[in-house]
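Read top to bottom, the protein sequences are chains A and B.
Letter by letter, the first sequence follows residues 18 to 95 of my numbering.
Letter by letter, the second sequence follows residues -6 to 710 of my numbering.
Just so you know, the hints here were simulated from the structure itself, not pulled from any lab data.
Given the structure is predicted, the values throughout are model-derived calculations rather than measurements.
Heads up, some of the hints might be wrong.
In silico PhoX-like links for lysine-lysine, alpha-carbon gap of 25 Å or less [claimed, not checked]: (1) K680/B <-> K515/B; (2) K64/A <-> K41/B; (3) K64/A <-> K413/B; (4) K539/B <-> K64/A; (5) K304/B <-> K511/B; (6) K539/B <-> K41/B; (7) K64/A <-> K673/B.
Going by beta-carbon spacing under 8 Å, a handful of chain B positions derived as facing chain A [as the list claims (entries may be wrong)]: (8) L80; (9) R112; (10) Y298; (11) S299; (12) L305; (13) D306; (14) S311; (15) K312; (16) Q416.
For each label pair, taking beta carbons as the anchor points, the in silico distance ranges come out as [stated by the list, open to error]: (17) Q264/B <-> G68/A: 38 to 48 Å; (18) F587/B <-> T43/A: 50 to 60 Å; (19) I606/B <-> L28/A: 52 to 62 Å; (20) K166/B <-> G68/A: 36 to 46 Å; (21) G68/A <-> K304/B: 20 to 30 Å; (22) T43/A <-> L322/B: 30 to 40 Å; (23) G30/A <-> G504/B: 49 to 59 Å; (24) V230/B <-> G56/A: 22 to 32 Å; (25) L28/A <-> L706/B: 52 to 62 Å; (26) G56/A <-> L553/B: 50 to 60 Å; (27) D198/B <-> L28/A: 37 to 47 Å; (28) E93/A <-> F316/B: 32 to 42 Å; (29) G56/A <-> T292/B: 16 to 26 Å.
Ideal Cβ placement from N, Cα and C applies to all residues, glycine included.
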Amino acid sequence: MNTANHLAGLLPGQTAAVTGLCAPGTIRRRLQDIGLIQGTVVECLGKSPLGDPAAYLIRGAVIALRDQDAACVRVEGM
Amino acid sequence: MGLSKDSTGARAADTGLSIEKKEPDDLVVALAGNPNVGKSTVFNGLTKMHQHTGNWPGKTVTNAQGRCQQGGQGFVLVDLPGCYSLLAHSAEEEAARDFLCFGGADGAVVVCDATCLERNLILVLQAMEIAPRVVVCVNLLDEARRKHIRVDLEKLSQLLGVPVVGTSARSGKGLQSLLEQTRQTIEAPEAPAPPPVPYSPFTEDAVRRLQPTVEKLCKGQVNARWMSLKLLDDSDVTLDLAAEKYLGLRLRDCPEVRGLLEDIWQEWKTQGVTAEQVRDDIAAGAVRRAEEIAGMVTTQGQNGYSPRDRKLDRVFTSKVLGFPIMLLLLLGIFWLTIVGANYPSQLLSTSLFWLGDRLRELCTLCVLPPWLVSLLVDGVYRTLAWVVSVMLPPMAIFFPLFTLLEDLGYLPRIAFNLDKCFQSCGACGKQSLTTAMGFGCNAAGVVGCRIIDSPRERLIAMLTNSFVPCNGRLPMLIALITMFFAGAAGGLGGSVMSALMLLGMILLGVGLTLLMSKLLSKTLLQGVPSSFTLELPPYRRPQFGKVLVRSIFDRTLFVLGRAAAVAAPAGLVIWLLANITIGDATLLAHSAGFLDPFARLFGLDGVILLAFILGLPANEIVIPLILMAYTGGGALLELTDLAALQAILVGNGWTWVTALCTLLFGLLHWPCSTTCMTIKKESQSLKWTAVAFLLPTLCGFALCFLAASVARLFGLG
């Protein structure tokens, strides 16, 4: 599978593990709130009809993130 | 949508966290939990209230309170808005945290979704750090069973160190034992001492040093371990403010605390520990522990996102089918509403007017003076009858249908599909949800904007909410469309035409919402879109029977209540205007005549504009007011159906251009007075209320002017 370096680069169907967050302040907290910390496994489920945002499976919940926010989550492919 | 008199209008914005105990020994219990875990269902099940429930995160934005009793013990339940964390990033999270932390409640019940336990446990662990007496309610066990997810509740209780009760709130299972367990936990002499969430050694070490001092200063009023943790996170000033308010203590400024903190940071600096690292560690602690516990107590048949949901999402959010399905669903709902409302509308109108005649006979029998009979029957009663027969049937059909979509979990998918549009307009994707709420009641939609975190984006959503027609305006649009544009076609073709035209009006409203959002974010409310996360909940089979009964019942009461409260006095006013004569004409003729030249510019007439102005308290009464004004002094007309109404309008000079302009103005004019007051309350600003008033009004005048001018130019109408 491809190695994407951030979450927004993940294609539907791909899975990756979070290696870190590069967002400041509030965005960082929000991402942590939904369970995105180092080691969290995330699957990209699909993009919305207009291509952005995309839906991700995070710790059993489906959560939509905009590309600009997802780009703050560094991941490595699995 | 669960519109009732408590969820709409002025009451929708009631947020005060003042607890109303009926008996002095009532126990106050806070209900906390992630969004969309069935908290409101638990709340309703226990209190027998009808707080609005629906399958989308964020529908509870206010703190509902309710009382229930078990074995002589009273409980006051406080339904806190759903949140993912108690680390307080938004006003709701802050309110929830303060309520749990500073002794507002005797105990707390944290409601979890059994199908997504891991994520839910994060909040449970955070709540346990703050509140001393917590009971965990693992809800949606029925749904979990269907998905072959098993949760070992006993083991969960052991690992967490607090009582755990399993429930299926939709069918009411387990709620009584939840209440019993909560009472026991609150009444127990000692609060349970659950094992704390472990953090990294450097954090733990610092907490160990701070805790005794904090304990001493706070005198046991708050959890000292948690307070110490928060002192290590210097980014959160809200807690410092809250502590000052509730404890009268500026903890961070106490010399002992300050000394300790300085030492700790000094050491961390030499060890290379950064503030960001500490904050991350505090945030990650609960997440890691939740993962660990969830792994030990759940056996997954499949996770919360089932293959069925995956398939449905592939269709509903597909690149090709996503938008067509959305439009078709909306069209279908409108069509069913139009077709279904026609017959009961006629029936209601016939019977209500028959009743009116009997009422007149009764009045005459009681030898009331003729002017009083006319005032009561022609003024008050007739307006009321019109409002009920025109408004009630469409609403009693539209809302159950809409509620079914809502229960299914489709609304968040709409937000998901449309987010890109809102994003490019500098607005928040959740605005689709508040816009959808606007269909029910714009005031409720404005309050619903609290789910949007960024103040700038929330204001945009509030200012543009009235671009979709609320339940007072939708039937007006339906009636006008049926009378002037599709009625002639008749049959299936006619009703589909009506539905298409209504869809067109709604799309115009949504399009203007986007356009105005963009305009606002380029001018008055500049800024970049903020981050946003939107949860897409599992699809749930709607409870058809319950939705239909509840919705029709609530709606009937709601419309009747409104009719009595607003239509009756309006009928009185318009009757007086039509019957008090000054000089050579009635007051009504004077005011309509005064407005007429201005109104004609926009394809309306003086009476229509006057009706919209008098309709400020409630849009329901606009059409009845127009009819009333046209027939005002005259004899009571036999009005059996829309065709008869149309005849009156045409008789008073209406053409299809007049109807089109009235439609446009009905969609786009000032928000009703309740909505204006709600905007004032929510925005705390007269300026923004004025903008909210002017924005749709100017759009309405502009479009009407355009339509009327084009029609005049081509000699149409």
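Tested hints:
no., hint, in the structure
1, K680/B <-> K515/B, "18 Å, holds"
2, K64/A <-> K41/B, "41 Å, violated"
3, K64/A <-> K413/B, "11 Å, holds"
4, K539/B <-> K64/A, "34 Å, violated"
5, K304/B <-> K511/B, "34 Å, violated"
6, K539/B <-> K41/B, "14 Å, holds"
7, K64/A <-> K673/B, "38 Å, violated"
8, L80, "6 Å, holds"
9, R112, "5 Å, holds"
10, Y298, "5 Å, holds"
11, S299, "11 Å, violated"
12, L305, "11 Å, violated"
13, D306, "7 Å, holds"
14, S311, "7 Å, holds"
15, K312, "5 Å, holds"
16, Q416, "6 Å, holds"
17, Q264/B <-> G68/A: 38 to 48 Å, "45 Å, holds"
18, F587/B <-> T43/A: 50 to 60 Å, "53 Å, holds"
19, I606/B <-> L28/A: 52 to 62 Å, "56 Å, holds"
20, K166/B <-> G68/A: 36 to 46 Å, "43 Å, holds"
21, G68/A <-> K304/B: 20 to 30 Å, "21 Å, holds"
22, T43/A <-> L322/B: 30 to 40 Å, "35 Å, holds"
23, G30/A <-> G504/B: 49 to 59 Å, "34 Å, violated"
24, V230/B <-> G56/A: 22 to 32 Å, "30 Å, holds"
25, L28/A <-> L706/B: 52 to 62 Å, "53 Å, holds"
26, G56/A <-> L553/B: 50 to 60 Å, "57 Å, holds"
27, D198/B <-> L28/A: 37 to 47 Å, "43 Å, holds"
28, E93/A <-> F316/B: 32 to 42 Å, "35 Å, holds"
29, G56/A <-> T292/B: 16 to 26 Å, "22 Å, holds"
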